[in-house]
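S.K.: Dock chain B against the given chain A, drawing on the hints supplied.
Going down the list, the protein sequences come from chains A and B. Residue numbering for the first sequence follows my numbering, beginning at 89 and increasing consecutively. Residue numbering for the second sequence follows my numbering, beginning at 7 and increasing consecutively.
None of these hints come from the bench; they were simulated from the model. In this text, a Cβ means the ideal position worked out from N, Cα and C, and glycines have one as well. Hints are supplied without guarantee of correctness; some may be wrong.
Restraint ranges, calculated between C-beta atoms of paired labels, are given here [to be verified]:
no.	chain 1	residue 1	chain 2	residue 2	range
1	A	E181	B	G119	20 to 26 Å
2	A	L176	B	G313	43 to 49 Å
3	A	A187	B	P117	33 to 39 Å
4	B	T67	A	G159	49 to 55 Å
5	B	S129	A	G180	25 to 31 Å
6	A	V150	B	Q43	54 to 60 Å
7	B	E126	A	C96	17 to 23 Å
8	A	E162	B	D156	21 to 27 Å
9	B	E26	A	D149	53 to 59 Å
10	A	E162	B	E26	38 to 44 Å
Some chain A residues close to chain B (C-beta under 10 Å, calculated; not the full set) [claimed, not checked]:
no.	residue
11	R93
12	S155
13	V178
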Amino acid sequence: MFPLRKRCTACAGSEVIRRLLPSRGTLWTYTVQRFAPPSPPYRGSAETFTPFGVGYVELDDVVRVESRLIGDPETFRIGMVLELVPLLDVDGEPIYAFAPVHEETSK
Amino acid sequence: MSEPAVAIVGIGLHPFGRHEGVSGLEMGAHAVRLALQDAGLRWSDVQFAAGGSSSSGNADTMVADLGATGLTFLNVHNGCATGGSALVSVYNALVSGACEVGAVVGFDKHPRGAFAEQPEDWSLPAWYGTAGLMVTTQFFGMKIRRYMHDHGIEAPTLAKVASKAFRNAANNENAWRRRPLSEDEILNARMVSDPLTQYMLCSPGEGGAALVLCRSEYLARIQRARPIYLRSAVLRTRQPQSFDVYSPALGMELSPSPSVAAARAAFEQAGVAPSEIDVAQVQDTESGAEIIHLAECGLCQHGEQSGLYRRGATEIDGELPVNTDGGCLANGEPIGASGLRQVYETVLQLRGDAGERQVPNEPTAGFTHVYGAPGVSACTVLSR
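So here's chain A without its partners, still in its complex pose:
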């Protein structure tokens, strides 16, 4: 399960083991957030807002994680390879995102 919770969402058991997720994956589905999300909870102003991608990234055969996507939304395709990148919100708090792996580094 993601994110980490005190109890398992399937069986409600309290023995939860931390596991490091892969930092690379493939895009399973996506959309583009084209208007400023209501704030709060979103941290950011409507005036300076620029559209961003959102998608579910399939991390090996482990889990599909919802994430902000970095890059030109016009280039997003289901199945494209992405990697984890750090992202800061407007207050400098860490959130995360996935970005396309450049051709020269992908295998």
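M.R.: Showing chain B alone in chain A's frame:
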């Protein structure tokens, strides 16, 4: 079909749209008065009521307008399934024999723009909201994108859904958006949440809806009763690996949506097969939802939808008329009222009272479905 225990005898609706100076509670009370008038009953005849809104106050305070009769009145707050949950409560109270006459009411009055929900209220970490992921339209875009990929559905089908909604609404004096739009206008409109354009998404709005129900034995006590039987009313929530609104992660093997479980149970309890349904109202918060929900509810096969819409099967005069009043797309979504609007429309159709948008050949069985965050669905089966 077994002998039905519960009948809907009165229906009422406050028009959907924008109504400056009228509160959500007032719209709800208006709908209740119309439903009582339709049933030929008085508020003092109602022993059990349930109702609610998402953001427009406590339903039980409308006794100030309707009469403080001391009845049992349950406030319901259950997202998009608020109306459906209230209906399930009253249905079960009637089936159990706890009361003979019940009322259900739903209403809401939302401001313009997307719903502003806080992650803490949804068992989610704060970062989910600050990062900008707490937006229902993202789910809609992502679910239909994957569905189109998996089932070979293309954007023109999304436009056909919306075009039908506005066409049906043109014949519904209570609908909000009644101007017909061509498929090209819909496809070429502003993109909001890819692949969904502005006209493929419904808007939060305002409205109220109410029903008066009774046990079937009570019908003898109502003059000129025009009962439509409520054969089942079912509510289900999500399973651990499902693809639902506000899901930070999905399992690799997806569990079926709560819509699947709710619809299946509703059909089983009603003793009615999906193939017997003559008119259906399914949650169409956007074009994609209608397409997906038809299959999730068992009304068609996954992937069959392109063909259905191409040959007009979901039109008023088609083999499976869907969202005959214009659905959420044309009525907007006052959350509390939305599910009961579907039942209102279905009763109207089964009575033969739907006027210009009447489904031909005297439909006998109807189905309604709502779905919402964080994975909840309510379904009903109705018959003459």
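S.K.: Taking the hints in turn, state whether each one holds.
M.R.: Status of the hints after comparison with the structure:
1. A:E181 x B:G119: 20 to 26 Å: 25 Å, holds
2. A:L176 x B:G313: 43 to 49 Å: 48 Å, holds
3. A:A187 x B:P117: 33 to 39 Å: 35 Å, holds
4. B:T67 x A:G159: 49 to 55 Å: Taking Cβ atoms as reference, T67 of chain B and G159 of chain A lie about 50 Å apart, which means the hint holds.
5. B:S129 x A:G180: 25 to 31 Å: 26 Å, holds
6. A:V150 x B:Q43: 54 to 60 Å: Given about 58 Å between the Cβ atoms, the range holds.
7. B:E126 x A:C96: 17 to 23 Å: 21 Å, holds
8. A:E162 x B:D156: 21 to 27 Å: 22 Å, holds
9. B:E26 x A:D149: 53 to 59 Å: 54 Å, holds
10. A:E162 x B:E26: 38 to 44 Å: 41 Å, holds
11. R93: It holds, given that the least Cβ distance between R93 of chain A and chain B is near 9 Å, below 10 Å.
12. S155: 8 Å, holds
13. V178: 9 Å, holds
Hint compliance for this structure: no hint is broken.
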